[in-house]
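We have chain A; now place chain B onto it with these hints.
Now for the letters of each chain:
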Amino acid sequence: MTETHIEELLLHLKEILALEAKAKELYDNYLQQIRDKSIVDRISRIRDDEVEHIEIASQLTPLIKYKEYSIIREGLETFSEGSIILVHCGLDKYVRTGFSVLKYLVDERGLDCVYVAVNKPSSFIIEALAREDINVEKVSFIDCSPVDLGDKRGMVVSPENPTDLSMAIETAIASPEGKFVYFDSISTYFLFHESNIVERFVLFLAQKLRAKKVGLVLLVVKEEIEERSLARLTVISDKRINVP
Amino acid sequence: MEEIVIIPLLEDFLRKGEKCGLDEMTKTIVEGKVRHLLGESIEHSRMLTEMIREVARSDRDAY
Chain A
1 MTETHIEELL LHLKEILALE AKAKELYDNY LQQIRDKSIV DRISRIRDDE
51 VEHIEIASQL TPLIKYKEYS IIREGLETFS EGSIILVHCG LDKYVRTGFS
101 VLKYLVDERG LDCVYVAVNK PSSFIIEALA REDINVEKVS FIDCSPVDLG
151 DKRGMVVSPE NPTDLSMAIE TAIASPEGKF VYFDSISTYF LFHESNIVER
201 FVLFLAQKLR AKKVGLVLLV VKEEIEERSL ARLTVISDKR INVP
Chain B
1 MEEIVIIPLL EDFLRKGEKC GLDEMTKTIV EGKVRHLLGE SIEHSRMLTE
51 MIREVARSDR DAY
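Note that the protein sequences, when read in sequence, are chains A and B. If you count the first sequence from 1, position 1 lands on 1 in this note's numbering, and the numbers rise without skipping. If you count the second sequence from 1, position 1 lands on 1 in this note's numbering, and the numbers rise without skipping.
With the rest of the complex left out, here is chain B:
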């Protein structure tokens, strides 16, 4: 659930960060770090979906 909520939150943060007038150096650092969080959160979301599918397809008690 957190992974799903955090993705639009990070995207929104990037949009707001772009407009709030941070100096270029700060903006580059902040954007790089937030993009890293975003990329990994998307990957987590994909991994979790895959795990849910695996569990749904098999005998749940094994987990």
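Extracted from the complex, chain A is given alone in its bound form:
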């Protein structure tokens, strides 16, 4: 597969999406002008189909753009209130896997995300998400990145202190409806603490979120975690998605 082919397919898709949007606009205009009920009924049906087509065409973009998307989408299909999911990927897939998770849960499922950013400062992530057309408005941040770029959009918490982080998450999910917590990445958190401390923290967090019916997605980078810790986190989770 060459990048040119994928790029070409994405451009093609953009054209399809623009045409569907134009068609919807056209039918909306017709509906304001036409009086005949039989015609209005049929145009309304076509117009409603166009709305569905726009949604379908929008869903196709991440499927084509990120190779990981179909695996993530299938793995997260049963994701619901209180689900604890471990997403396990290699370093080379880390960025696209993260985008795929957010593209699916935020853009496609319409959930609000509490993003625990350990690897990169939130300002950096906000820019990256915006570039990928992910709805940043539905993402709030708990910034644990050791690099402080002075962005104060989210809560800033030291990665050294799990109690502070736990309290910040609790504050962020004070109104839990339609929210999930995305931990990027739990494997990086092992840099700041002993394995047993991180594992206990995840167990505690999982119990708390389950009780509040808030979902949790833990991103794990294969190269950053020991087998024993991975096994522990897998046991705590409802499901592990392996991104090959």
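Think of the hints as simulated: they come from the structure by calculation, not from any bench. Be aware that one or more of the hints could be misleading.
Said to hold, decoys possible - Ranges between beta-carbon positions, derived for each pair:
1) B:57 <-> A:74: 48 to 56 Å
2) B:45 <-> A:38: 12 to 20 Å
3) B:12 <-> A:92: 28 to 36 Å
4) B:7 <-> A:166: 53 to 61 Å
5) A:210 <-> B:8: 18 to 26 Å
6) B:36 <-> A:244: 25 to 33 Å
7) B:4 <-> A:11: 19 to 27 Å
8) B:54 <-> A:29: 31 to 39 Å
9) A:7 <-> B:55: 40 to 48 Å
Remember, it's a predicted structure, so these values are computed and weren't measured experimentally. We put the CB at the ideal spot given by N, CA and C, even for glycine.
Same frame as chain A, now just chain B:
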């Protein structure tokens, strides 16, 4: 007009999608969704042609 333009565009997309090396799972999902769009666009085109005929046959002011 959009319905007429979009049909060959969707058919072309299916042909290109077949060759661009997407993995099987992705290809199946993408193909299923695009075929759905194509089927409905063909149906829209048929419905619109029928409506144009009806309008042409009758007193246009009624519409």
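Hints, one by one, checked against the model:
1. B:57 <-> A:74: 48 to 56 Å: Between residue 57 of chain B and residue 74 of chain A, where Cβ atoms are some 50 Å apart, the hint holds.
2. B:45 <-> A:38: 12 to 20 Å: At 18 Å between Cβs, range holds.
3. B:12 <-> A:92: 28 to 36 Å: 32 Å, holds
4. B:7 <-> A:166: 53 to 61 Å: 55 Å, holds
5. A:210 <-> B:8: 18 to 26 Å: 51 Å, violated
6. B:36 <-> A:244: 25 to 33 Å: 28 Å, holds
7. B:4 <-> A:11: 19 to 27 Å: 21 Å, holds
8. B:54 <-> A:29: 31 to 39 Å: 19 Å, violated
9. A:7 <-> B:55: 40 to 48 Å: 42 Å, holds
Checked against the numbered hints above, the structure violates hints 5, 8; every other hint is satisfied.
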